[in-house]
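A.B. asks: Here is what each chain is made of, one letter per residue.
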Amino acid sequence: QVQLQESGPGLVKPSETLSLICTVSGGSISSYYWSWIRQPPGKALEWIGYIFYTGSTNYNPSLKRRVTISVDTSKSQFSLKLTSVTAADTAVYYCARGGVILEWLSHFDYWGQGSLVTVSS
Amino acid sequence: DIRMTQSPSTLSASVGDRVTITCRASQSIINRLAWYQQKPGKAPRLLIYKVTTLQSGVPSRFSGSGSGTEFTLTISSLQPDDFATYYCQQYNSDSPLTFGPGTKVEIK
Numbered sequence: 535q536v537q538l539q540e541s542g543p544g545l546v547k548p549s550e551t552l553s554l555i556c557t558v559s560g561g562s563i564s565s566y567y568w569s570w571i572r573q574p575p576g577k578a579l580e581w582i583g584y585i586f587y588t589g590s591t592n593y594n595p596s597l598k599r600r601v602t603i604s605v606d607t608s609k610s611q612f613s614l615k616l617t618s619v620t621a622a623d624t625a626v627y628y629c630a631r632g633g634v635i636l637e638w639l640s641h642f643d644y645w646g647q648g649s650l651v652t653v654s655s
Numbered sequence: 005d006i007r008m009t010q011s012p013s014t015l016s017a018s019v020g021d022r023v024t025i026t027c028r029a030s031q032s033i034i035n036r037l038a039w040y041q042q043k044p045g046k047a048p049r050l051l052i053y054k055v056t057t058l059q060s061g062v063p064s065r066f067s068g069s070g071s072g073t074e075f076t077l078t079i080s081s082l083q084p085d086d087f088a089t090y091y092c093q094q095y096n097s098d099s100p101l102t103f104g105p106g107t108k109v110e111i112k
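Quick mapping for you: the protein sequence lines, in order, are chains A and B. The first sequence runs 535 to 655 under the working numbering. The second sequence runs 5 to 112 under the working numbering.
No lab work stands behind these hints: they were computed from the structure. Since we're looking at a predicted model, the values are computed, not measured. Quick reminder that beta carbons are idealized off the backbone N, C-alpha and C, glycines included. A portion of the hints provided could be inaccurate.
Said to hold, decoys possible - Straight-line distance between alpha carbons at most 30 angstroms, and here's what the computed BS3-like set of lysine-lysine pairs gives: (1) B:LYS108 x A:LYS577; (2) B:LYS112 x A:LYS609; (3) B:LYS54 x A:LYS598; (4) B:LYS54 x A:LYS577; (5) B:LYS46 x A:LYS615; (6) B:LYS43 x A:LYS615; (7) A:LYS615 x A:LYS598; (8) B:LYS54 x B:LYS43; (9) B:LYS112 x B:LYS46; (10) A:LYS609 x A:LYS598; (11) B:LYS108 x A:LYS609; (12) B:LYS108 x B:LYS43; (13) B:LYS112 x A:LYS615; (14) A:LYS547 x B:LYS112; (15) A:LYS609 x A:LYS547; (16) B:LYS43 x B:LYS112; (17) A:LYS577 x A:LYS598; (18) B:LYS46 x B:LYS108; (19) A:LYS577 x B:LYS43; (20) A:LYS598 x B:LYS112.
Claimed, not checked - Computed list of chain A residues with no C-beta within reach of chain B, every gap over 10 angstroms: (21) ASN592; (22) SER596; (23) LYS609; (24) SER640.
Stated by the list, open to error - So the derived label-pair ranges between C-beta atoms look like this: (25) A:LEU636 x B:SER80: 33 to 41 angstroms; (26) A:LYS609 x B:SER18: 44 to 52 angstroms; (27) A:GLY576 x B:LEU58: 24 to 32 angstroms; (28) A:LEU545 x B:ARG49: 22 to 30 angstroms; (29) A:PRO595 x B:ASN35: 34 to 42 angstroms; (30) A:PRO575 x B:SER69: 27 to 35 angstroms; (31) A:PRO543 x B:SER81: 38 to 46 angstroms; (32) A:THR617 x B:SER69: 41 to 49 angstroms; (33) A:LEU636 x B:ARG28: 23 to 31 angstroms.
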């Protein structure tokens with residue numbers, strides 16, 4: 535059974551960089567696209583971006599200037615960096631797997647439990 | 005962007021009711037639509053993908069239909085475990101991938 539687990543600081547100061555890691559277990563990180571998705575408190579889901587195990591990425595245009603997603607296949611991990619954060623970036627951040635092998639246009643079949651990141655001084 | 009809308013935003017229903025949630029896309033997404041269930045404090049759970057395909061382990065009382073720009077999620081007989089928020093998601097375009105605003109199904 536594939537499992538995803540987010541990790542990282544729960545509190546980030548305004549203007550600083552939010553950093554999260556997603557560790558994949560129970561399956562290979564190869565051959566799938568891996569996404570970050572966030573959900574502000576009480577609001578809907580917002581896709582942030584995805585990465586393929588080769589390092590190929592695509593980002594939500596609304597966040598593209600501030601987002602970097604990278605992958606470390608040796609550790610079965612992929613990570614998120616979001617720069618210049620504000621209170622509007624306060625959200626639960628989820629990592630998720632694209633549900634169709636080798637396909638970037640996909641639903642999400644496995645999700646992490648989520649990591650609440652609060653932006654506050 | 006492909007904008008997704010859902011109706012209603014909140015739905016009050018009783019156990020045993022047949023429930024239908026509608027999702028509309030701002031342009032055709034062919035059949036690239038998924039539905040998720042989310043309970044408070046939990047990650048979304050994939051219910052249906054490619055409009056009608058039930059994810060493994062999802063009860064058969066859930067079903068999906070539609071094509072192009074209009075889609076529906078139906079719960080044939082609402083169970084206590086089904087009270088949750090439901091989101092649709094389009095994956096016909098990744099510029100960006102987008103979700104609907106959600107429909108909360110609450111107890112009447």
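A.B. asks: Provide an ascending list of the numbers of those earlier hints which the structure does not satisfy.
C.D. replies: 2, 11, 13, 14, 20, 21, 22, 24, 29
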